[in-house]
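There are 4 protein chains.
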Amino acid sequence: MNFKELKREVFEANLELVNRGLVIYTLGNVSQVDRNAGIMAIKPSGVSYSDMKADDMVLVDMENNVVEGTMRPSSDTKTHTHLYRHFDNIGGVTHTHSTYATAWAQAKQAIPCFGTTHADFAHGEIPCTGELTNEQITRDYEEETGVQITDTYKDRNPIETPMVVVAGHAPFTWGKDGAQSVYHAVVLEEIARMAYLTRTLNPHSELLKQEVADKHYLRKHGKNAYYGQS
Amino acid sequence: MNFKELKREVFEANLELVNRGLVIYTLGNVSQVDRNAGIMAIKPSGVSYSDMKADDMVLVDMENNVVEGTMRPSSDTKTHTHLYRHFDNIGGVTHTHSTYATAWAQAKQAIPCFGTTHADFAHGEIPCTGELTNEQITRDYEEETGVQITDTYKDRNPIETPMVVVAGHAPFTWGKDGAQSVYHAVVLEEIARMAYLTRTLNPHSELLKQEVADKHYLRKHGKNAYYGQS
Amino acid sequence: MNFKELKREVFEANLELVNRGLVIYTLGNVSQVDRNAGIMAIKPSGVSYSDMKADDMVLVDMENNVVEGTMRPSSDTKTHTHLYRHFDNIGGVTHTHSTYATAWAQAKQAIPCFGTTHADFAHGEIPCTGELTNEQITRDYEEETGVQITDTYKDRNPIETPMVVVAGHAPFTWGKDGAQSVYHAVVLEEIARMAYLTRTLNPHSELLKQEVADKHYLRKHGKNAYYGQS
Amino acid sequence: MNFKELKREVFEANLELVNRGLVIYTLGNVSQVDRNAGIMAIKPSGVSYSDMKADDMVLVDMENNVVEGTMRPSSDTKTHTHLYRHFDNIGGVTHTHSTYATAWAQAKQAIPCFGTTHADFAHGEIPCTGELTNEQITRDYEEETGVQITDTYKDRNPIETPMVVVAGHAPFTWGKDGAQSVYHAVVLEEIARMAYLTRTLNPHSELLKQEVADKHYLRKHGKNAYYGQS
Numbered sequence: 174m175n176f177k178e179l180k181r182e183v184f185e186a187n188l189e190l191v192n193r194g195l196v197i198y199t200l201g202n203v204s205q206v207d208r209n210a211g212i213m214a215i216k217p218s219g220v221s222y223s224d225m226k227a228d229d230m231v232l233v234d235m236e237n238n239v240v241e242g243t244m245r246p247s248s249d250t251k252t253h254t255h256l257y258r259h260f261d262n263i264g265g266v267t268h269t270h271s272t273y274a275t276a277w278a279q280a281k282q283a284i285p286c287f288g289t290t291h292a293d294f295a296h297g298e299i300p301c302t303g304e305l306t307n308e309q310i311t312r313d314y315e316e317e318t319g320v321q322i323t324d325t326y327k328d329r330n331p332i333e334t335p336m337v338v339v340a341g342h343a344p345f346t347w348g349k350d351g352a353q354s355v356y357h358a359v360v361l362e363e364i365a366r367m368a369y370l371t372r373t374l375n376p377h378s379e380l381l382k383q384e385v386a387d388k389h390y391l392r393k394h395g396k397n398a399y400y401g402q403s
Numbered sequence: 174m175n176f177k178e179l180k181r182e183v184f185e186a187n188l189e190l191v192n193r194g195l196v197i198y199t200l201g202n203v204s205q206v207d208r209n210a211g212i213m214a215i216k217p218s219g220v221s222y223s224d225m226k227a228d229d230m231v232l233v234d235m236e237n238n239v240v241e242g243t244m245r246p247s248s249d250t251k252t253h254t255h256l257y258r259h260f261d262n263i264g265g266v267t268h269t270h271s272t273y274a275t276a277w278a279q280a281k282q283a284i285p286c287f288g289t290t291h292a293d294f295a296h297g298e299i300p301c302t303g304e305l306t307n308e309q310i311t312r313d314y315e316e317e318t319g320v321q322i323t324d325t326y327k328d329r330n331p332i333e334t335p336m337v338v339v340a341g342h343a344p345f346t347w348g349k350d351g352a353q354s355v356y357h358a359v360v361l362e363e364i365a366r367m368a369y370l371t372r373t374l375n376p377h378s379e380l381l382k383q384e385v386a387d388k389h390y391l392r393k394h395g396k397n398a399y400y401g402q403s
Numbered sequence: 174m175n176f177k178e179l180k181r182e183v184f185e186a187n188l189e190l191v192n193r194g195l196v197i198y199t200l201g202n203v204s205q206v207d208r209n210a211g212i213m214a215i216k217p218s219g220v221s222y223s224d225m226k227a228d229d230m231v232l233v234d235m236e237n238n239v240v241e242g243t244m245r246p247s248s249d250t251k252t253h254t255h256l257y258r259h260f261d262n263i264g265g266v267t268h269t270h271s272t273y274a275t276a277w278a279q280a281k282q283a284i285p286c287f288g289t290t291h292a293d294f295a296h297g298e299i300p301c302t303g304e305l306t307n308e309q310i311t312r313d314y315e316e317e318t319g320v321q322i323t324d325t326y327k328d329r330n331p332i333e334t335p336m337v338v339v340a341g342h343a344p345f346t347w348g349k350d351g352a353q354s355v356y357h358a359v360v361l362e363e364i365a366r367m368a369y370l371t372r373t374l375n376p377h378s379e380l381l382k383q384e385v386a387d388k389h390y391l392r393k394h395g396k397n398a399y400y401g402q403s
Numbered sequence: 174m175n176f177k178e179l180k181r182e183v184f185e186a187n188l189e190l191v192n193r194g195l196v197i198y199t200l201g202n203v204s205q206v207d208r209n210a211g212i213m214a215i216k217p218s219g220v221s222y223s224d225m226k227a228d229d230m231v232l233v234d235m236e237n238n239v240v241e242g243t244m245r246p247s248s249d250t251k252t253h254t255h256l257y258r259h260f261d262n263i264g265g266v267t268h269t270h271s272t273y274a275t276a277w278a279q280a281k282q283a284i285p286c287f288g289t290t291h292a293d294f295a296h297g298e299i300p301c302t303g304e305l306t307n308e309q310i311t312r313d314y315e316e317e318t319g320v321q322i323t324d325t326y327k328d329r330n331p332i333e334t335p336m337v338v339v340a341g342h343a344p345f346t347w348g349k350d351g352a353q354s355v356y357h358a359v360v361l362e363e364i365a366r367m368a369y370l371t372r373t374l375n376p377h378s379e380l381l382k383q384e385v386a387d388k389h390y391l392r393k394h395g396k397n398a399y400y401g402q403s
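If you read the sequences in order, they're chains S, G, P and B.
Taking the numbering used here, the leading residue of the first sequence gets 174, the next gets one more, and so forth.
Taking the numbering used here, the leading residue of the second sequence gets 174, the next gets one more, and so forth.
Taking the numbering used here, the leading residue of the third sequence gets 174, the next gets one more, and so forth.
Taking the numbering used here, the leading residue of the fourth sequence gets 174, the next gets one more, and so forth.
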């Protein structure tokens with residue numbers, strides 16, 4: 174894939190965020206990486222979705238240097254590159270402040286697996302990161318937001334749980350490319366909403382039985398998956 | 174009705190799910206049965222609603238053999254055929270993960286009859302199934318999801334209560350054809366939402382008086398029904 | 174106004190219910206009365222809003238006799254005529270099952286006046302009726318639903334509080350004509366939603382100070398009203 | 174800027190309120206001031222958004238005298254001019270009854286800063302005013318609503334927290350012009366919604382750490398801001 178195509182895909186993935194109702198104004202961003210080139214395309218910072226063109230996407234290397242583009246990249250750029258450097262098998266990252274996922278982030282609680290909708294997309298709870306120390310905030314805030322996430326995944330598989338809520342902040346999701354990371358952002362918001370309703374309907378709601386969770390996850394993702402056409 | 178017509182009706186019923194806002198991506202499916210032929214048409218598995226054509230609907234017999242179609246049928250196929258085999262008088266089945274109905278399913282609670290909106294469409298509570306045993310999950314998950322439902326209806330009339338929430342999973346609804354099963358899915362989501370609000374507004378809300386529930390159900394469904402034009 | 178015009182206005186008021194998102198399928202109805210003729214136009218029972226034409230509206234006299242129209246009138250017809258017979262100064266009635274107002278009805282609670290949005294449209298709480306006795310249900314259900322409402326207004330002014338929730342059922346609103354009764358139905362749903370959020374945010378939320386409630390009601394409705402252009 | 178242009182901008186800002194889903198019917202108003210001329214343009218009172226034209230905007234001086242326009246200005250005019258007279262650096266004011274912000278106003282609670290979405294737009298909690306005394310209500314209700322707000326900002330910077338909820342009433346927001354005050358109204362509604370969900374998900378949710386709140390506010394607003402393209 175050449176960079177022109179990369180920028181077009183990232184542009185379209187960013188617009189999809191708006192079409193799905195996940196962002197208001199400029200509160201979200203999607204990136205996609207070209208692993209061979211070590212180059213990521215990402216939305217420019219604070220630019221309105223309606224004014225944005227494919228060519229406005231900014232190309233950035235894995236050390237956060239702008240290699241093409243006249244605009245400043247998203248202020249969350251360092252979080253994106255951090256995730257690409259630490260999660261080997263991901264190709265796209267999405268950050269939103271979608272309402273229900275953000276509520277869980279603000280409540281500083283992992284999203285429990287209450288049902289099969291959740292189990293279809295994430296294996297186990299959707300974790301909530303720890304909080305940043307004051308030292309981290311001062312040092313390099315956006316980089317350390319990435320650290321918050323990768324610390325949370327020390328004993329987790331980012332492919333099996335491609336979504337996280339950052340404590341006091343908002344969700345990040347990822348996938349094989351930008352489009353799939355947006356797909357996961359949409360699904361996360363719905364999972365977060367269902368979990369909110371489940372919890373407030375009955376504060377003592379129990380987790381989905383582990384065996385059902387495994388079954389659902391594996392029918393979509395395991396080597397014996399039988400969901401879909403492939 | 175020939176199979177071409179059957180497939181078109183099932184196709185349209187599936188699209189109606191999207192138009193009514195009940196499903197995101199591919200998280201839902203509708204089927205309709207031709208009782209004489211013993212053939213059901215159902216949505217293919219994991220295919221995007223925007224790409225889908227009427228001709229993509231898959232024809233399956235009551236033992237889950239594909240009799241026509243190039244795609245794999247919905248992964249929930251065995252649940253659908255199970256319902257057709259056990260509920261004599263139904264002609265269509267809908268499965269969604271609609272938000273509020275799923276919240277009740279995840280909270281593993283039946284939806285109490287709090288008002289006449291509920292009573293107009295379902296006689297008595299909308300039941301929540303029991304949970305699957307580990308043996309059931311291993312044996313044949315989708316078939317056993319059907320068993321969960323039919324077990325719940327051992328002492329219930331599926332025509333009088335054409336909707337159920339499956340514990341830890343999501344709702345299934347049915348009707349005389351695919352279109353009516355979608356209609357019941359839409360209505361169930363609204364009933365589930367109202368019941369959620371009623372319960373959280375006042376955790377001690379009482380059930381609708383049985384006499385009013387009977388009156389409302391019967392003015393629409395009894396032999397002396399006087400709602401509508403027929 | 175001739176009956177053709179009356180039917181057109183009632184038709185449009187019914188469509189406005191759909192456009193405002195207050196009803197799904199056929200779950201609502203609007204009527205308007207010609208006081209001189211003693212004739213009310215009302216939506217036919219159970220007819221889809223998309224199929225309905227102005228000419229399908231049914232004309233009914235104050236004793237519930239159909240005087241024009243080939244369809245059966247709304248099954249709630251007797252409640253409408255009851256209200257016209259007992260509330261002298263109203264010209265239109267709307268019945269919906271709008272979500273939040275219905276939740277208050279199902280919780281069998283009056284909607285407290287928590288703020289100026291409420292006070293702008295209703296003076297004091299929006300009452301919840303008592304429950305029907307078994308005798309009333311058997312006798313004449315729809316007529317008695319009207320009695321439930323008028324009993325609730327024995328010491329209330331229906332013009333100052335043009336909206337009510339019927340216990341275990343749903344809201345009714347009224348106004349100078351069909352269009353204004355729809356306007357009140359839309360406003361009631363928003364008031365009901367705000368009150369739900371206020372109550373669940375803080376179960377001990379206090380009522381709006383009576384002096385502010387009076388001020389707001391009177392700046393819109395009193396003889397010294399100064400809101401709007403007239 | 175001439176007055177024709179001022180009126181057009183205020184007109185468009187008012188329509189934006191509708192497009193963003195913040196108001197129903199006529200329940201909101203936006204103004205913008207020309208500081209040199211001491212003239213504010215504001216929406217006329219009680220006029221439907223669909224009928225309204227740019228030329229219908231009313232010009233009012235800082236003592237609430239209409240200087241141009243055939244219609245009566247918004248009934249909240251005195252609150253707007255009060256804010257312009259007391260907050261030196263604002264150019265636009267928006268008043269809505271948006272649902273979630275109004276719920277906080279009705280619960281008479283400040284909106285706590287639970288996360289970075291909030292911190293990006295408001296430094297510290299979004300305050301709730303005190304209640305009006307009976308004397309204030311009788312004296313000059315709309316002027317005193319302004320006093321409620323400016324009293325609340327005695328020790329607050331209105332530029333750093335450009336949004337407030339008025340106890341028992343609804344929100345006011347402001348900005349450098351009418352358009353930015355609408356932007357803040359939209360953002361406030363989303364912040365209020367997230368805070369509602371956070372609080373009801375976990376009544377003991379803690380505030381965002383002050384250091385993160387400062388960091389987020391300053392990356393957008395401080396002299397070393399690095400969000401956006403300027």
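Keep in mind that the hints were calculated from the coordinates and are not lab data.
Quick caveat: nothing in here was measured; it's all calculated off a predicted structure.
A hint or two may mislead.
Unchecked claim - With beta-carbon atoms standing in for the labels, derived distance ranges: (1) D229/B / E333/G: 52 to 62 angstroms; (2) K349/G / D313/P: 23 to 33 angstroms; (3) T311/G / R258/S: 37 to 47 angstroms; (4) D229/B / R258/S: 38 to 48 angstroms; (5) D261/S / N330/G: 49 to 59 angstroms; (6) R329/P / N262/B: 44 to 54 angstroms; (7) N330/B / V191/G: 27 to 37 angstroms.
Ideal Cβ positions, reconstructed from N, Cα and C, are used throughout, including at glycine.
Would you pick out the hints that fail for this structure and give their numbers low to high?
Of the numbered hints, 4 and 7 do not hold.
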